[in-house]
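If you read the protein sequences in the order shown, they are chains P and E. Numbering follows the working numbering, in which position 327 of the first sequence is assigned residue number 309; successive positions increment by one, without gaps. Counting from 1 along the second sequence, just add 142 to a position and that's the residue number in the working numbering.
No false leads were slipped in.
Below 16 Å or equal to it, Euclidean Cα-Cα: the simulated EDC-like pairs (lysine to aspartate or glutamate) are:
{"hint": "1", "chain 1": "P", "residue 1": "K61", "chain 2": "E", "residue 2": "E522"}
{"hint": "2", "chain 1": "P", "residue 1": "K61", "chain 2": "E", "residue 2": "D1158"}
{"hint": "3", "chain 1": "P", "residue 1": "K82", "chain 2": "E", "residue 2": "E1107"}
{"hint": "4", "chain 1": "P", "residue 1": "K20", "chain 2": "P", "residue 2": "D110"}
{"hint": "5", "chain 1": "E", "residue 1": "K512", "chain 2": "E", "residue 2": "D1158"}
{"hint": "6", "chain 1": "P", "residue 1": "K3", "chain 2": "E", "residue 2": "D853"}
{"hint": "7", "chain 1": "E", "residue 1": "K1001", "chain 2": "E", "residue 2": "D1133"}
The following residues of chain E were derived to be distant from chain P, with all beta-carbon distances above 10 Å:
{"hint": "8", "residue": "H877"}
{"hint": "9", "residue": "R1047"}
{"hint": "10", "residue": "F1062"}
Note that these hints are calculated values from the structure, not bench results. All C-beta atoms, glycine included, are put in the ideal place defined by N, C-alpha and C.
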Amino acid sequence: MKKITYLIIVMLSLVQLSCKKFLDETNPNNVTLNSYFKTENDFNLAVSGAYSQLRGLYNNKSAWTMGEMRSDNTHYDYKSSDQAVATTNRYAVADFLDDKYNNQTPAKWNSGFNAVSAANVIIDHIDDITLSDASRNSILGQAKFIRALVYFDLVRYYGGLPIYPHAPLSREETYIPRSSVQDVYNLIIADATDAAAKLGATTFPQTGRATKGAALTLLGDVYVTTKRYAQAEAALKQVITMGYSLFQNYGDAFQLANKNGIESVFEIQFNTSLAIPQANTAASVYNFLPRMVNTLVVTGVSFNSITDVGGFNTPTQDLISAYESGDQRLDASIAMAEGTFNATDDFTATAVKSSVGYTAPAGKVGRPFPKKFLHAHAIGNQTNDDWPVYRYSEVLLLLAESLNEQGKSAEALPYLNLVRARAFGDASHNITTADQSALRATLLKERRVELAFENKRWLDLVRTNNAITVMNAFGAKQKAQYSYLQAGSYNVTQDRLLFPIPNAEILLNDKLTQNPGY
Amino acid sequence: MKFYVPDVCHEKHGTAYKKILLIMKLTIVLMIAAFMEVSASSYAQKIALSTKQITFEDLFRQIRRQTGYNILWDAEILKDAKPVDIQVTNASVEEVLQKSFANQPFTYTIRQNTVVVIRKPETTIVVKGRVTDINKQPLPGVTVRLKGSQIGTATHSDGTYAINITGTEGVLSFEYMGYTTKEVPISGQTIIDVQLEQTSSQLNEVVVAYGRQTSRDIVGSVAKLSSVDIKDQPTGTFAERLEGKLPGTQVAQTTGRPGQGMDLRIRGAVSLSSNVRPLVVVDGQPMLGDPDNINNINPDEIESFSVLKDASSTALYGSRAANGVIMITTKRGKPGATQISFNSYYGISSLMRELIPPVMNATQLATYMKGFYEDKIKYEGYTGGIPAVYQNPEQYGAGTDWFNVLTRNAPVQNYSLSITSGGEKSSFSVVGGYFNQEGILKNTGYKRFSLRVNGDINLGKSVKVGFGVAPSMQLEHNNRQGVGFNVDGQRAIFASASMMPTMGSPYNPDGSLALGISGFTNQFVWANPLRQLLETKDDANRLRVLANVFTEIKLVDHLTFRTSGSADIGNMTRNRFIPSTSIGGFNALPIENPPPGNNTALGEALNNNDYAWLNENTLNYQNHFGNDHSLQVLGGFTLQRSTGFASDMVGRDFPDNSVPYLSAATRFTTNTSSFNAWTLMSFLGRVNYSYKDRYLLQASVRRDGSSRFGDNHKWGTFPSIGAGWVASDEAFLKHVPSLSLLKIRASYGLTGMNEIGNYTTAASIGNANYTFSGGLSPGKVQNSLSNTNLAWERNKQLDIGFDLGLFDDRISFTYDYYNKLTSGLLFVVPVPQSSGFSSVQDNLGDISQWGHEFTLNTKNLTGAFKWNTSFNISFNRNIVKRIGLNNISFAGTPTTSLNEFTDYRTLVGKPVGQFYGYIFDGIFKNQAEADAGPKYYGTGSTTLSQAGTVRFKDLNGDGKITFPEDQTVIGDPNPKFIFGFSNTFQYKNFDLNIAMSGTYGNKLKNGMEESTYNLDGVFNGPPELLNRWRSETDPGDGRVARTLANTTAAYRTDNTLFIHDASHLTINNIALGYTFKKFRTPYIKSLRVYTSVQNVYIFTSYPGNPEVSAGGLAFVNQQGQDLGAYPLQRTFTFGLNLGL
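Please work from the sequences and hints to get the whole structure.
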């Protein structure tokens, strides 16, 4: 008996000793934060991871729903039998009927902040290990560029945003109030400036990483948006010395072979040919085609886009009309899918035609779609196109705008005309007026056609205070054309210039306030 | 001459050798005796003797001298001889020997002129008889033993026994668990019939956590069910037979998928986002009550169930006990005769068609569509005309009955052979089974091969070793749910039969299988569901081995040490192939030879390897002090680790459909493998004390440490206390003759819940790949927030109850009240996504639960015609007290942003998972009504209401129907009460069992109706749609709105129209049996044949299976949604129980 008691005591004490170890199961499938950021490679992987979060911001249905469909550039193919929540909510954004319950607008907020958090984690831990100056600058420069880019995107859609001093480590740290728009811009400018200082000069061919040129372009865009035109000019003028130039043909800028090319300042990378394919799906051309049982005739690949992929971001006649005669960008940007709609509003394509001077033959309709994103791919709705964030032509237009706004209108013309001469093939359509307000209007229209479908239009209208007039006028035309539009649609007011903070965020974080009107 | 042929099988193993020797000896003796008969007469010399107290040595000398016979003897034999008195004249040798050998322990043989003195052969008699209870019901398996010897046997299934007794003296003892042992002196009798009395019907032994207790000693709420009570039901899994049998336990057939589909919930257990399935403990091995975990058990292996409900009975399972515990005990060998029994049934299952709501036939649907276009022309200015396919509806006749096309009458068969054998030193039980159920959906089915071997070996007086090994193989064909091929689920294969155009056909005109159903303008196209069923291969094969071994050592008197090791090894391979001709479904036509992409065939190879081990060590002290004090103390220490490895590979772009394996795939969309593990370390203790067997006290505690919780809260302590008072034993109640038992119980304790993921406390970094310069650039990103404070969900539970027995327990009644407060609910708390994260596992939320449970068992008739009734009813309630941080209501997942179409909510102040929506208030019959009534706005700013559109109740009275102002709670999926009612009848050789169960007051949302009541002419629907609003002069039945484009979405927002009362009464099973009593052949010991009907009928007003629940019962926040499930089957069976 005694022996047994001793034995048990010994056993129990052994057990007690190993208690802690026995109950310590670590996740073998994922690294934990505590054991990460020990080597330079950890940081490099985290930087790649942060870039991948940008895909959520740009390769997301909310990106074109809010950036392009909200504007006069695109609309949607109405399908009465599809009353799915996602579909009707997307319609609502285009029609200015969206409310705080809309399930299409939170995605931009959510994915944007995912990228902010990914950048924050890197910045929080950068001093955990000693890195060479070159590595440290590269890592921090990229992280800050990403953070600035995201905050700049979000602040224009949602207004003042929560600014996280560091990536939260616990639930308690997630509840942060909104900062003022001004504070957000201060952060963006600080980050973009820091990024421009830390990042290396652009070298060609580019890799797809953020460069000094990208950071300065971002900074220039921020300054133009915040109407600090002199600073914008200073930043952008650095960019034009960095070796960027325009491709000879507008369409070349979007060719797969020209990814990260001479005209590219920053783009979101995709590649379907990798062992782990990185496909563009949520912003692929399939979303922008009419709903088809088979897309073969249009895309060269059989795919059924009826259920929820197709029928959005349809170029409007208003946009097509905005292209001047002789502008090669129309043909490069928009094509016509020719065919018939059936009783359930699904499309059968028989041909793809140029949009230039298009008239539909009898019994058929031409349905415009953004051709600039249609290139060779193997699998339906898995395209290989990078998403352009900044192209050099935008640098030129921003620079022109910053000069014009400073009253240096004549100085602006060469930059604008670089873009136009490429678009028309010669200098015959160059702008010569030095009238500031005429040039202002010209620049806005030039941006519309040059940057069509790149999710710039709605922000341009808001930035230039044109959104209310332009969109109300556009809405009147739309309502006259489409009987399905509700009477209350296109009632564009000041409140409509910002989107609602996602309702779930307001509910979960009582420090947040909702935008007016929602 | 009669030869005795001994039955070796009846003897215990240890004695077999002796018996063989005995047989040999007897044979020699008999042969010698045969010779002797011939030869003895040849020497006829006579003897004369007159002497007293002569020794045998002297006697033999006298005989030799007088007769010349030689006498041989062994001095050893004569050692015990007593001197004899003998007086003979002119006697033969034999006469002298017979006289003198009488009452001596030896005898003689004579061969020629030699007498050999030999030991006397032992005389053997066979004692036979029948053991019955006081109702003269045979008791099988009663141990019959000759006291103080190794001789024993057991009664057969008809209660008879036969035992060989040496000599004619001795005492037979009859022992049977739960009955008073009876001892009967043989006194030369050869037929001894015995009636055994139950010690008390309330004194049965019940398996409880870490041991057994008699019912009388239990202070908590424990329900017991013996396998006998659920026999005759042709179901593959035991869970299906429990419906209505266990008070407080809700069992629902949420789907008819063969081999799956039963879900259990004890006392209406609720949690917010965690699984609420009970813990199932099979022979001491705890596992979560997931159908995948328990369906491997052949019901014929099971001896008994106990359901532990209150804290005092469950607290020994500490952190896993919050949702109750089901203890399953499998059959073990008992000392006694070898028993072989064979159980088998064969049945035919068919669709319970009455549970399928009718849909429009082809003529009706084409008529509907014709009207749809007529209205489109009339009201919408549509100029396309009525499509040709709808211009002549009658041409289609009745069309295709898709339910018929997809279903069949399917056989179910079961064979199970069990052998139990036992002796003093060891006993064994072996049960082998084969179950094969073909599904009523074509080309679906389930097979199970199972074996269980349990053995117990006594190594000496104080050491006992036992083991159990149960391998099983389950083969599921096309039953699993998965992406791209679902036999059940919303708009999946079976649900599609309600929605697909009845004008279509599964066959091409040439008789071949069509690719899909298309060509009916505006109706969605579908993949051909029949072809999908027939062509798809989805085989999930599971191999499971449960094994345990234990040693019990009696250290000293009253103190026993037990150590056990268990292993649970599970392996599942899932091999799937969906050919391109079956890819698709709702709104997607398959393509015969598709280009690379998502229309190509899909192949998947999935592997799960799970391994768990458990080591438990307990010390048990049991003693009585004086006459009145009884003490039992249990202490223990356990360790458990569970690991799982999973790999999954999905391939696409098969060049064609000829090779179904991944070697033919040219693109892989999934290739993953992962490993996970959890550990649990526990200390446990329990003290039971009783005074005068009538004041009972129990205290227990378990301390659990789990790898799943944060560093700050790895350990949790779960104490409980319970007390009982057997009032009927008190002097003042003793003289109440009608009162046989009155026991009052109360318990209080704390249990926990740990059903969360394995590594949720640490902030993890996951893969997030990117690409630079066209090459892959692996990336990583933090994808979860850490929570080092994560702790156990805690349940404080009070239970008060009493047990009452009246009129010699002909009426027994049990009542329990419980009140449970669950706090610190494990909850995936949503966090603001501006943090970069969406949620974190935390302890935020409180739910209060309470309920009443009543059980009544009566013996209504006890004569030749016997009738027993068992009835139980349980009332469970729960109220959410707090959710997350801000009490924000949520739907399926906390992060779902709520809109008009989120149909259920968990709200503070209400039970979990309320249905939510508008209140249907008819149809605007005309424009005047629409102008005057509340107008629907949805989320827009323009009203969509007009004549013929749906009318909802305007809750805030602002004249507008808007979200969320005018939505409210529109139904509660929690039943007001659940009940079970079973009756057994017996008359002569016939027995009849009727089992019924049901629920009352629970609502069910028919999510199918969101599709079938879609007015857009894209789905088929119920014939009622023909009565829709057509015009102000033809407003229809006032329930179905018009088909005007843009106004129809309102009609299928969540509203009371889709909420139905799911109260029901199910006749689960009726079984009629006949027991044969006499057999011509000795090889058959018992035989019973029976016929039964499973799922006899479901009385309900619900249009469908009222027990369906898309999330099963496992997760409470999405219960009670009918999204179309594998249909239920009614099964007619013939079966037999044969004892050999």
